[in-house]
Structures are given as structure tokens and as C-alpha cells.
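Residue-level listing of the chains:
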Amino acid sequence: MAVKLKQLLALGVVVLTTAALAWAGSDAQPKAKGAPQPVITKAVKGEQCVEPTEFMRRNHMDVLDGHRDKTVIEGIRTKKYSLKECINCHASEKTGSVAAAKDDFCISCHSYASVKIDCFECHSTKPKGSIAMHPLNAETAHLKHKLAANTRTTVSAEDMAGVAK
Amino acid sequence: MSEQNKNSDNAVVSPERRRFISAATATAAGLTIAPGVMLYEVAHGRPEEQAASSAVRWGMMVDATKCATGCDDCVTACNTENGLTPVAESAHPRQAPQWIRKLELQDPLTQMETNLPMMCQHCAEPPCVDVCPTGASFKRADGLVLVNRHTCIGCRYCMMACPYKARSLVHESLNDTQKPDVPRGIGCVESCTFCVQKIDRGDGTTACVEACTASGHNALVFGDMNDPESEISKKLRELPTKQVRADLNLNLGVRYHGI
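If you're matching them up, the sequences are chains E and R in order.
For the first sequence, numbering that gives the first Met the number 0 gives the first residue as 0, with consecutive numbering after it.
For the second sequence, numbering that gives the first Met the number 0 gives the first residue as 0, with consecutive numbering after it.
For the record, the hints were derived by calculation from the structure and aren't laboratory data.
Ideal placement from N, C-alpha and C gives every residue a C-beta, glycine not left out.
Check the hints yourself; a few may be wrong.
[What the hints assert, rightly or not] Here are a few chain R residues that face chain E, going by a calculated C-beta distance under 10 Å: (1) ASN147; (2) SER172; (3) PRO179.
[What the hints assert, rightly or not] Residues of chain R clear of chain E, computed beta-carbon distances all greater than 10 Å: (4) THR64; (5) CYS70; (6) ALA90; (7) HIS91; (8) PRO92; (9) ASP129; (10) ILE152; (11) SER167; (12) GLU209; (13) GLY215; (14) ASN217; (15) LEU238.
All chains, full assembly: derive it from the sequences and hints.
Structure (C-alpha cells):
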């Protein structure tokens with residue numbers, strides 16, 4: 000019994016030291032090194048989202064859920080939380096869609112977090128008309144955003160853990 | 000409302016908001032500069048933040064005496080507007096969704112032929128709403144009978160209950176062929192919406208009516224049956240019309256002349 004306990008303790012010490020060393024050493028490294036991370040394509044349009052980015056990251060599903068009842072049942076057609084508008088801004092320039100390729104905006108994050116949404120069984124994943132022809136787009140997409148649209152940011156594992164809560 | 004409040008501590012005026020304000024100013028200016036034009040707009044559209052109101056009741060009048068044999072422009076227009084696959088092109092025509100269909104009837108005694116389009120009659124007392132177990136089948140304040148596809152479970156009780164065979168179930172995946180303005184999808188029941196996307200945009204008419212007018216047949220009139228000055232109210236006052244299966248007392252939103 001005593002021998003077993005000692006072995007266990009020793010093992011524990013070894014594990015803890017390795018973990019601590021690894022942690023200390025990884026300070027300058029990207030977080031969750033080696034683990035896949037979701038790709039978040041920059042929105043083609045607009046400087047910011049309809050709410051602060053932090054808020055949207057965690058609460059976009061509630062916002063959509065509330066808005067869809069207002070629209071379908073009451074007929075309120077405000078644009079702010081409309082799914083069509085999300086798609087107008089967030090559709091990828093490459094696929095023209097928010098959910099056609101695995102890196103598209105409404106796919107990448109969700110597959111990372113094992114979230115399955117059925118919205119696109121019914122809702123078109125593409126904006127009305129081509130992205131370039133969209134009237135709001137012509138007016139708002141400065142060259143800067145066009146360029147920025149192709150850059151990608153990754154979200155840290157911590158951020159994702161926050162969202163998944 | 001609570002959604003709005005969440006935003007209130009965010010002091011930044013977003014470009015969205017600025018755009019909205021300038022749009023609002025433009026509309027207000029429109030009111031004073033061109034009162035005639037705006038009055039028309041107000042009569043048919045409503046501001047996007049305003050809910051549909053029971054002051055309005057959308058309805059349609061079908062003049063079967065003007066509905067032409069062999070013409071199905073209304074059906075084609077409906078398919079195009081709402082992104083439906085025409086029945087003839089469907090892999091499974093017998094179960095292909097149809098929101099409006101042309102009927103050709105013949106009186107067995109006199110051989111007289113009647114043409115008419117049949118679609119959701121937008122009942123004031125809709126049986127489909129009565130039987131829906133989830134409340135997905137509902138009547139909007141302005142009289143449109145719709146399916147909330149977010150809560151429809153595809154049980155098809157409403158299809159059984161409808162005396163007009165106006166509803167369809169989507170049997171197959173639509174694979175992102177839908178129109179952005181008209182989401183529809185597998186496992187849900189659907190039917191004519193009186194082109195709710197057009198009504199809420201302020202068009203004041205439906206795709207089928209536009210097509211019928213464009214073809215010169217003028218068999219369809221659409222409008223607010225609660226407004227005594229609307230074209231449809233005037234027509235209904237002028238011409239004798241019938242409700243299909245009037246015996247059911249459903250108070251229909253579609254009235255037929257010449258049947």
C-alpha cells in the first residue's frame with residue numbers, strides 16, 4: 000500500500016513539474032499551440048458589428064432568436080439584428096456565402112465548438128445580388144475593408160472557451 | 000426592448016445608426032415635399048420598426064371571368080418570386096410544393112368552363128391555425144395566414160385541415176437555392192404568404208397580381224379590404240363575389256367573381 004502511494008506521489012510530482020515547465024516555456028508561443036483554431040474571416044463591410052464584437056461573440060444567437068420572432072410573428076423588419084444583414088456583411092468574398100466553405104464565417108467557429116445550426120437549411124447563405132452590387136456595400140466598403148476582408152484573425156482557445164460558456 | 004437597452008452603454012454612434020437617421024430625415028422631407036406620393040406610400044407600407052396592424056386586412060379578388068384558359072403567369076410569377084421549383088421541373092412532381100395553382104373547372108350539366116387560381120384563402124378563422132399543435136401556424140395581425148417555420152415540426156395536421164389543399168410540405172433539401180428574402184426548407188409546411196416580403200417592403204401587391212396585370216388579363220386585384228377607398232374594396236362593392244366553401248364560415252381573404 001505504502002509503496003503504491005509513494006509511486007503515485009512521485010508520478011504526480013513529475014507530471015506537475017513537466018506541466019509547469021511547459022507552461023513557463025510557452026509564454027511567447029501562440030496559445031493552444033498545435034491545436035486547430037477557428038478562422039474568422041473579417042467582415043467585408045462595416046467597421047464594426049451591430050453590437051460590440053465581444054458581445055456578439057457570446058450573444059449572437061440570442062440576438063437572432065429574439066429578432067426572428069419579432070419579424071415573423073409581428074412583422075417588424077428592423078435591419079439591425081436581421082439575419083439577412085449579418086449575411087450582407089459577413090459573407091466571404093471568395094465564396095460569396097457565410098456557410099459554403101469550411102472557413103466561412105458561420106461555419107468555422109461552429110465546427111470548432113461542435114455547434115450545429117440548421118438556419119441554412121432554409122435561409123440563403125448569400126446576400127441578395129452579388130456582394131459587389133449590393134447598394135449598401137458600394138457605399139460603405141472602402142478600399143481598406145476590401146483589403147482587410149482577405150486578412151484573417153484567429154481566436155484564442157481562451158476566447159472560444161468563453162464563448163462556449 | 001431589452002435588446003435595445005443592452006446597447007445603450009455603447010456610446011459610439013455606429014454607421015448603421017447614422018445611416019438610419021439620414022434615411023429617416025429623407026423620409027420626413029419626402030412627406031413635406033411630395034405629399035401626394037408619400038400618402039400613397041403610407042397607405043401601403045409601414046415603417047420597418049412598426050408591427051403589422053389589424054387596422055389592415057389584406058385580401059384578393061379573383062375575377063374568374065377574366066382569368067384566361069391556358070395562362071399560368073400567376074403561377075410562374077409566384078415560383079420566381081418565392082424560389083419554388085416549377086412542378087414540371089421537379090424530380091417528384093406529385094409532392095412538389097405549390098403555393099398557387101390554376102384550376103380549370105367544367106360544369107357537367109352545361110359544359111361551361113371556369114378558370115381560376117387557387118391558393119391559401121387567408122381565412123379570418125383559419126382551420127390550419129386551430130389544429131396546429133405548436134402554434135407555428137398563425138394569423139398575423141393584418142390577416143396573413145402564415146407558418147412560423149422556426150416552430151413548425153412538419154406534422155402536416157394543417158394540410159389535412161385546410162379545405163382548399165393550399166399547403167405543401169417541403170420533402171427535399173433545397174441546397175441553398177432559396178431566395179434571400181424567402182427562406183424555406185425541408186421538413187416544414189408552407190403556403191402562399193401573400194408575398195409577405197413584398198408587403199412588408201411596401202409594394203402593396205403580390206407577384207401573382209403583378210403578373211396578371213402585366214399580361215393584360217387583370218383578373219386579380221389585391222389590397223386592404225379594411226380601407227373603403229382601396230381598389231379591392233371598391234371592386235367588392237361593385238361586383239357579386241363568392242367565397243369558396245362559404246358554408247364553412249371561415250370569412251375568406253380571397254373572394255371570387257364569376258364562379
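Consistency of the hints with the structure:
Checking ASN147 of chain R against chain E: minimum C-beta separation of about 5 Å stays under 10 Å; hint holds. This hint holds: SER172 of chain R has a C-beta 7 Å from the nearest C-beta of chain E, less than the 10 Å allowed. A hinted interface residue such as PRO179 of chain R counts as satisfied when its beta carbon comes closer than 10 Å to some beta carbon of chain E; here the least separation is about 4 Å, so the hint holds. The beta carbon of THR64 of chain R sits about 34 Å from the closest Cβ of chain E, which is more than 10 Å, so the claim that it is off the interface holds.
Against chain E, the non-interface label of CYS70 of chain R holds: every CB pair exceeds 10 Å, the least being about 29 Å. The Cβ of ALA90 of chain R lies farther than 10 Å from every Cβ of chain E, with a closest approach of about 18 Å, so its non-interface assignment holds. Every C-beta of chain E lies more than 10 Å from that of HIS91 of chain R, the closest at about 18 Å, which supports listing it as non-interface. In this structure PRO92 of chain R is separated from chain E by more than 10 Å, as the shortest Cβ-Cβ distance comes to about 22 Å.
With a least CB separation of 17 Å from chain E, ASP129 of chain R remains clear of the 10 Å interface cut-off, as annotated. The Cβ of ILE152 of chain R lies farther than 10 Å from every Cβ of chain E, with a closest approach of about 13 Å, so its non-interface assignment holds. The claim that SER167 of chain R lies off the interface holds: its Cβ sits roughly 14 Å from the closest Cβ of chain E, which is beyond the 10 Å cut-off. For GLU209 of chain R, the non-interface assignment is confirmed: its Cβ lies about 19 Å from the closest Cβ of chain E, beyond the 10 Å cut-off.
Listed as outside the interface, GLY215 of chain R is consistent with that label: its C-beta sits roughly 30 Å from the nearest C-beta of chain E, beyond the 10 Å cut-off. The Cβ of ASN217 of chain R sits about 28 Å from the closest Cβ of chain E, beyond the 10 Å cut-off, so the non-interface label holds. Annotated as non-interface, LEU238 of chain R keeps its C-beta farther than 10 Å from every C-beta of chain E; the closest such distance is 30 Å.
In summary, this structure violates none of the numbered hints.
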